[in-house]
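2 protein chains.
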Amino acid sequence: MKKPLTLSLDAMGGSAAPRMVVEGIGIAVEKSPPIRFLLYGDERVLTPLLETNSRVKDITEIHHAPEVITDDAKPAAALRGGRKSSMRLAINAVGDGEADGVVSAGNTGALMAMAKFVLKTLPGIDRPAIATYFPTRRGESVMLDLGANVECNADNLVQFAVMGEVFARNVLGLNQPTIGILNVGEEGAKGNEAVKRASSILMNSDLPIKFYGFVEGDDIGAGTVDVVVTDGFTGNIALKTTEGTAKMFGAFLKEALSSSLLSRVGALLARPALEKFRRRVDPRRYNGAMFLGLNGICVKSHGNTDSLGFANAISVAAEMITDRLNDSIREDFARLSEGLVTDKEAVTSQ
Amino acid sequence: MKKPLTLSLDAMGGSAAPRMVVEGIGIAVEKSPPIRFLLYGDERVLTPLLETNSRVKDITEIHHAPEVITDDAKPAAALRGGRKSSMRLAINAVGDGEADGVVSAGNTGALMAMAKFVLKTLPGIDRPAIATYFPTRRGESVMLDLGANVECNADNLVQFAVMGEVFARNVLGLNQPTIGILNVGEEGAKGNEAVKRASSILMNSDLPIKFYGFVEGDDIGAGTVDVVVTDGFTGNIALKTTEGTAKMFGAFLKEALSSSLLSRVGALLARPALEKFRRRVDPRRYNGAMFLGLNGICVKSHGNTDSLGFANAISVAAEMITDRLNDSIREDFARLSEGLVTDKEAVTSQ
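Residue numbers (our numbering), protein chains in the order written: chain B, 1351 to 1700; chain S, 1351 to 1700.
Treat the hints loosely; a few may be bogus.
Heads up, the list lumps identical chains together, so a pair's fine if it works in one copy or across two of them.
Cut-off 20 Å, straight-line C-alpha distance, at most; resulting in silico cross-link-like pairs (SDA-like, lysine to any residue) [claimed, not checked]:
1) K1470 with Y1636
2) K1626 with L1611
3) K1604 with R1630
4) K1540 with L1429
5) K1407 with G1563
6) K1546 with D1422
7) K1470 with E1681
8) K1424 with A1539
9) K1434 with A1423
10) K1470 with Y1562
11) K1546 with D1673
12) K1597 with T1574
13) K1540 with S1610
14) K1407 with V1379
By construction, these hints were calculated from the structure, which means they are not laboratory data.
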């Protein structure tokens, strides 16, 4: 019989921590498979919090961590100085095999630096990437990298394409996911050197993946491809741009619907439909960015999320573990790499 | 007395051209100051089109152009081979002083290459940028570059900041517009070299402009700053991402509101409010990207726009001319440049 899933949580990361972390556990247990939680943080704060929820208390083990990584800490400094932080001890639990995965809503750069140091990368992966899935007009798509790598070369982008493909197949359950590289036009001559070379590598490789070619910014929401590959600078800005646009759209809609008596009555009648609509674009439902390419499961929750969003990040980690995502990435990457010519090799052989 | 404004139009650019160009003139004359149009394109097609609208015919002069620049033409090839194209002859009209500005919905890269060749850049500007304004939660903001320069150094970004500031002051009528550089975080240590150096130049310069610092993708829709400065790769993707998100949002809303009898009745009652909302986010209202930094007014309309969108692009060009934008950029740039240390100088003096 399989032992229940164990997740370690950084209880101190995020603007509403640790309360939203504890309440997030309460929400997650309602819908996820059985999970045991190792909760890392200040035990003087955590112990009384757990007292208020016996269901959470039963499945949660508090581990005292005397330090907290602040949001403005630089990754290198956090790595050096934060050895007793809640974030680091939660990651160590995965490295030591005590937990199957870790979730934190803390400092993204510090989390990536520590996770990379403790867990290492999977064979064949130079740099891990941050990925998320999001709603589109066609369903759901994955985008990566979202900020781990501000500058990327062609090989990095090709590796992201392969990791994204494996993710879309194993976690989103898509049969033959299509991959696109984000660019400023669909024609081959457009864009910077990295995207042009990555596209040419993917076009000419024997990889058994469906490479669509270049996609543009409006293809993200349209769901033109299942996996959108980009560097961390562009990906981070594109993702946050969708958030900002959605918020603006929502604010304008609310304003319009409350502008007259008639529209208020109309909105009242349409309330169930509007609620459904709001749920569909609720960013909390998509909270939980995966660190792909690490030898261990690590999920980053949005720092400003609430308990509902944190619960979703927990579910994302649980799914990645249940679906044995890293085993798939490892196997598929080894298999796929045989068909893969790296940018350096391609240049050398020219 | 001032002579009426003269605009030259590329009648053949855009997927719905030339009909939407001619109909666009018909819409623009209703609201713009008096304009005379020089219409460049195939006279065998244009002459009968004008016959259908006497009001447009009265203010429009057809100039035959035997060639058309296709959407997939490369800029260098268009520049070399397209000397008798509708696009080129329309630009020449501005270069020759026959028109005060040009509008085209054709191939962006070709338009920029030709406009730069014929009109040249303003003193102090290394590279022109594509700019647009768009709705935000706080009002309207400007973003540049949107695709003219796929790779940018710090000096390019600083010049974009100055041009954007002048634009926001003179065309949007803002008193002390704030400027932000688009980045993956607000802290100074984040981002690539170009944005870090550009930020440091703007922080340390004596420029009389209000530099806010770094902004993130969600600040675009929030309207955190009046001018968003970025390289053409990121800017193009960010702009198109907002378009895609808005379309997705609109489609989801429509689906939700037609999902039940009650919601359909509600939507009917709220129709005037929903219409107001739709108009507020209608991309056609924001159609017309300005080429800033050229020694002449050149506006690019979206290729897929209709007559309403093209009419808006005409209004944008008319406004830029009426507001004497280029004189302001020239004067302000000369004045501002005194306080400006370029990246190279900064490096040399270190």
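Any hints this thing doesn't respect? Which numbers, in order? When the structure is compared with the hints, numbers 1, 5, 10, 11 and 13 turn out to be violated.
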